[in-house]
Amino acid sequence: MPRSLITTFVSFAVRSTGKASNTATRNVRVLIVRALNTRAISELGILINPNFKIISFNTFTETSQQFAPPYAFEISSYARLRCALEIGAETSGRALHTLNSLGFPEVFEECKKAILLNIENAKRSEDEEYAVEQIAKAFELVAAMTREGFLVEEGVYGPLLNLLIDMKMEEEFYRIFDMIRDGQWIDHSSPEFTRFGYYELVLWIQLKDEEKIEGVCSMIIKSFKEHCSGKRCLLTESYMFALCEKDQHKEVLRILETLDTRVCSFEILTSIFEYLGRSVSESVAKKLLREVSKKDLSCFRYKKVSDLIFSYVLSIPNMGVGDAICKFNELLEELKASPSSASYQKFIKYSCDSREGEIGLYILEHMYELGLEVSSDTATYLFRTIEQNYEFDMLRAVQNVLRMMNKEKDESRMFNLRLAVYIWEVSSFCIFLKCVLLYSL
Numbered sequence: 037m038p039r040s041l042i043t044t045f046v047s048f049a050v051r052s053t054g055k056a057s058n059t060a061t062r063n064v065r066v067l068i069v070r071a072l073n074t075r076a077i078s079e080l081g082i083l084i085n086p087n088f089k090i091i092s093f094n095t096f097t098e099t100s101q102q103f104a105p106p107y108a109f110e111i112s113s114y115a116r117l118r119c120a121l122e123i124g125a126e127t128s129g130r131a132l133h134t135l136n137s138l139g140f141p142e143v144f145e146e147c148k149k150a151i152l153l154n155i156e157n158a159k160r161s162e163d164e165e166y167a168v169e170q171i172a173k174a175f176e177l178v179a180a181m182t183r184e185g186f187l188v189e190e191g192v193y194g195p196l197l198n199l200l201i202d203m204k205m206e207e208e209f210y211r212i213f214d215m216i217r218d219g220q221w222i223d224h225s226s227p228e229f230t231r232f233g234y235y236e237l238v239l240w241i242q243l244k245d246e247e248k249i250e251g252v253c254s255m256i257i258k259s260f261k262e263h264c265s266g267k268r269c270l271l272t273e274s275y276m277f278a279l280c281e282k283d284q285h286k287e288v289l290r291i292l293e294t295l296d297t298r299v300c301s302f303e304i305l306t307s308i309f310e311y312l313g314r315s316v317s318e319s320v321a322k323k324l325l326r327e328v329s330k331k332d333l334s335c336f337r338y339k340k341v342s343d344l345i346f347s348y349v350l351s352i353p354n355m356g357v358g359d360a361i362c363k364f365n366e367l368l369e370e371l372k373a374s375p376s377s378a379s380y381q382k383f384i385k386y387s388c389d390s391r392e393g394e395i396g397l398y399i400l401e402h403m404y405e406l407g408l409e410v411s412s413d414t415a416t417y418l419f420r421t422i423e424q425n426y427e428f429d430m431l432r433a434v435q436n437v438l439r440m441m442n443k444e445k446d447e448s449r450m451f452n453l454r455l456a457v458y459i460w461e462v463s464s465f466c467i468f469l470k471c472v473l474l475y476s477l
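If you're matching positions, the sequence shown starts at 37 in this note's numbering and goes up one per residue.
Since the hints were made in silico from the structure, they are not lab data. Computed from a prediction, not measured in an experiment: that's the story for all the values here. We put the CB at the ideal spot given by N, CA and C, even for glycine. Be aware that a few hints might be false.
[To be verified] Here are the simulated distance ranges between beta carbons: (1) E394 - E189: 40 to 48 angstroms; (2) T416 - K248: 44 to 52 angstroms; (3) G407 - Y210: 50 to 58 angstroms; (4) T416 - D163: 45 to 53 angstroms.
[To be verified] Simulated crosslink set (DSS-like; lysine-lysine; CA at most 25 angstroms straight-line): (5) K258 - K363; (6) K204 - K282; (7) K322 - K282; (8) K159 - K322; (9) K363 - K330.
All chains, please: the whole structure from these sequences, using the hints.
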């Protein structure tokens, strides 16, 4: 098979000293993504002149036709996808190996960017053939990275698997699934394997494979009854995340009937309460919260029941900030749960992001009444939000609360911020006035 674009380019661009020239280095860095992003069914023939200016033509060479299998030249985009791992991976693998051996540290990052760009292009396109072409390009890059020993992170393969799931491309899903798992020596006892379980269950949900979903639910219930631990419990958690995120109401409720909170991680409980909020299952949420309150939660360390209530309330659809904080306080009182500073600070940030500075100030005052601490970052965030909304009458109220909390340092910090903004506004106005006067003359 003829050498790929990058391999050929670097070979011609190396000086007699054996080191890549500065011109070659700059050009290769620019062309890494383009060169690795070639189609899986073609070889990009290139001619390089003595000045290192590249003239390219997208054609099939005789050698590539000789070595490529017949189905590589079919018009169907699905055929290109099938052979992407067989042809494109080998070609891109050689390019990666050459660049890596020549000492290009950005090769790995550029490959990641190229893969994510292909995935984004496939998502945005309404042309099915073009989308499949983009997936094929991502396939060959992932395969090349795996063959060269690069660690393919979930941030790279996750979006690709999700895209294949959305397009219901089961065969392609398992090809990339097996390739990453086998190429990175991921066995059934590793934490990475449990993440693959999450994606596999999401695929079954998308395909509506009731038999496999039922089998997973039975396994989860059995695991909870046996007080699972270690890697098996991690796999159970991944399955629970998938069921909650995809709003599998019947399955989640069935599992909750046998759920033992003593063997549940806080992350699983958070995901469950977010699901219960989205489905507005208040009676189920209250029942589970009472059970959590009664059990020993020492394994959660500093996590509190109020954090779970926050996750539930904030996930309820079409609920404003004011209604959310009222619902939060109502559940705290009903369940006799102690509030946490972290939950209220999340509410302050949520109110600021929703441009509800007045509610944020109310929460800050309520925290003072309860004797809860507020971090400097949260106080500053609230101060800046109120200021940006030009609600200057509330700025003094924020400073007064901080003064009562003995937050003199934060109060001084806010004064300095306000002074800096004031100076900037005055300077900007002076510059504007000067420009107006000059224009009038």
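Right, here's what the structure says about each hint:
Here the CB-CB span from E394 to E189 is close to 43 angstroms, well matched to the stated 40 to 48 angstroms. The hinted window of 44 to 52 angstroms between T416 and K248 holds, with their beta carbons roughly 50 angstroms apart. Checked against the given bound of 50 to 58 angstroms, the beta carbons of G407 and Y210, roughly 56 angstroms apart, stay inside it. Evaluation of the 45 to 53 angstroms hint for T416 and D163 yields a pass: the beta carbon distance comes to about 48 angstroms.
Using a Cα cut-off of 25 angstroms, the hinted pair K258 and K363 is violated, with the two alpha carbons roughly 35 angstroms apart. Pair hint K204 plus K282 holds up; C-alpha atoms about 15 angstroms apart against a cutoff of 25 angstroms. About 22 angstroms separates the Cα atoms of K322 and K282, which keeps this hinted pair within 25 angstroms; it holds. Pair hint K159 plus K322 does not hold up; C-alpha atoms about 39 angstroms apart against a cutoff of 25 angstroms.
A threshold of 25 angstroms between alpha carbons decides the hint, and for K363 with K330 the separation of about 21 angstroms falls inside it, so the pair holds.
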